[in-house]
Amino acid sequence: MPAINLLPTDLSPKSSVARVSQVIKNIGIVALVVVVISALGLIGFFTYISFQLRSSTSNQEQLKANIQSLEQTEQRLVLTRDRLNNAKKVLANETAAGALEDIASLFSVLPAGVQIREADISASKTEMSLVANSSSGLAQTLASILATDYYENIKLSSFAFNSNVGYVLTLVLTNQI
Amino acid sequence: MPISLLFLGVLLLIIVFKVGISQINNQKAKLQKAERDENVLTQKQEVLQSLEAEVLGYADAVSIAMPDKNPSLITISQLKQLAEINGVVLADVEVGSPSKDKKGLSKSVISFEVEGALPQVLSYLAGMDGFAPLSTVDKVGITQAAGTIRASVDLAVYWAPLPTKLPAISESVQEFTANEAALITELSELQQPLFTEVEPALPSGRIDPFVFQ
Numbered sequence: 012m013p014a015i016n017l018l019p020t021d022l023s024p025k026s027s028v029a030r031v032s033q034v035i036k037n038i039g040i041v042a043l044v045v046v047v048i049s050a051l052g053l054i055g056f057f058t059y060i061s062f063q064l065r066s067s068t069s070n071q072e073q074l075k076a077n078i079q080s081l082e083q084t085e086q087r088l089v090l091t092r093d094r095l096n097n098a099k100k101v102l103a104n105e106t107a108a109g110a111l112e113d114i115a116s117l118f119s120v121l122p123a124g125v126q127i128r129e130a131d132i133s134a135s136k137t138e139m140s141l142v143a144n145s146s147s148g149l150a151q152t153l154a155s156i157l158a159t160d161y162y163e164n165i166k167l168s169s170f171a172f173n174s175n176v177g178y179v180l181t182l183v184l185t186n187q188i
Numbered sequence: 006m007p008i009s010l011l012f013l014g015v016l017l018l019i020i021v022f023k024v025g026i027s028q029i030n031n032q033k034a035k036l037q038k039a040e041r042d043e044n045v046l047t048q049k050q051e052v053l054q055s056l057e058a059e060v061l062g063y064a065d066a067v068s069i070a071m072p073d074k075n076p077s078l079i080t081i082s083q084l085k086q087l088a089e090i091n092g093v094v095l096a097d098v099e100v101g102s103p104s105k106d107k108k109g110l111s112k113s114v115i116s117f118e119v120e121g122a123l124p125q126v127l128s129y130l131a132g133m134d135g136f137a138p139l140s141t142v143d144k145v146g147i148t149q150a151a152g153t154i155r156a157s158v159d160l161a162v163y164w165a166p167l168p169t170k171l172p173a174i175s176e177s178v179q180e181f182t183a184n185e186a187a188l189i190t191e192l193s194e195l196q197q198p199l200f201t202e203v204e205p206a207l208p209s210g211r212i213d214p215f216v217f218q
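Protein chains in written order, with the numbering used here: chain A, 12 to 188; chain B, 6 to 218.
I should point out that these hints are in silico values taken from the structure, not numbers from a laboratory.
C-beta atoms are modelled at their ideal positions from N, C-alpha and C, and glycine is treated no differently.
The reader is advised that the hints may include incorrect statements.
[What the hints assert, rightly or not] Rough simulated footprint, nothing fancy, chain B against chain A, three-plus residues with beta-carbon under 8 Å:
hint	segment
1	73-82
2	169-182
[Unchecked claim] Derived DSSO-like pairs: lysine-lysine, alpha-carbon spacing no greater than 30 Å straight-line:
hint	chain 1	residue 1	chain 2	residue 2
3	A	K100	B	K144
4	B	K33	A	K99
5	A	K99	B	K107
6	A	K136	B	K108
7	B	K38	A	K99
8	B	K85	A	K100
9	B	K74	A	K100
10	A	K166	B	K144
So that you can see chain A by itself, here it is in the shape it has in the complex (with noise of 0.2 Å):
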């Protein structure tokens, strides 16, 4: 059937302006359909992102639980970090224990007839009074003395010679430079 059109055809539209509104209901369209694309998209992928977030949730719950049952093994773990950061403070104090080693060393090769009269050590000083009978005896305590490495100064306060007691000397050592 053949379409009628009983307007004055004045009345219509210019072939141009009928175009430029048929593109634009065209792109309106085009909008609206990719709105609904994009909202569907967008809702599909915050469900997505939520069931994440849910199942991450319950990891956490679970984990939670399973570390509540293992607190006795964190608390014996904090006990252990908190002694040994006390005893590392212990262990940088000034202590004799080093200077002892050396004395020691030192006193237990004492030649025969060198013998210790007084040894005060500390950390940073030790002075001490040997006397020695002969004096390749106390050559060979100065040499052993020279030869310890924990103090940096060996200082002779006092030398005396006693015939009855032989060679008396003060030392005094100090790691101080």
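With chain A fixed as given, assemble chain B onto it according to the hints.
Frame of chain A, contents of chain B only:
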């Protein structure tokens, strides 16, 4: 009509993208945080499970080396034992009053004298470094009279209170570092004090004083 359709389409597009993307970004941020937390918890569980068997031994060894209460008595017991081993005489033992050092540790100085032959006294002095609890030698005075060596020693012992709080459950834990492991080994190798356990006496029957025996 087409213009309003276009306007509506563009408006909806803007709204959907703005609202949708901001919601997704929020959710993604939550997911990233949740995954980070989950990784921390997984790592914590693995570390705790891997240390479960040995940490009890470690805790005992380091707690004896670095106690929470004044270890003067234990140290004196160790000093006496060392004196027996080295054949020297331990005398004039005095414990000083406790004080706090610069690092916040509590400290007490034990003063004592040991007497014996030179090699034994030297061996004794060297041995003080090798027992638990940890101590430092403040000073040593050595005198010799009639072939006998007398050493007067000031030995400092330390203690610190135990930790009272556990870290939050979501806080990560680390395994022991190589330095910490080496220190644990060093502390475990120290001569441990001997603790004797007194067994409770068994109940005995009451004696009737009026029965003639």
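*asked:* Hints numbered earlier in the text: which of these fail when held up against the supplied structure?
replied: 2, 4 and 7
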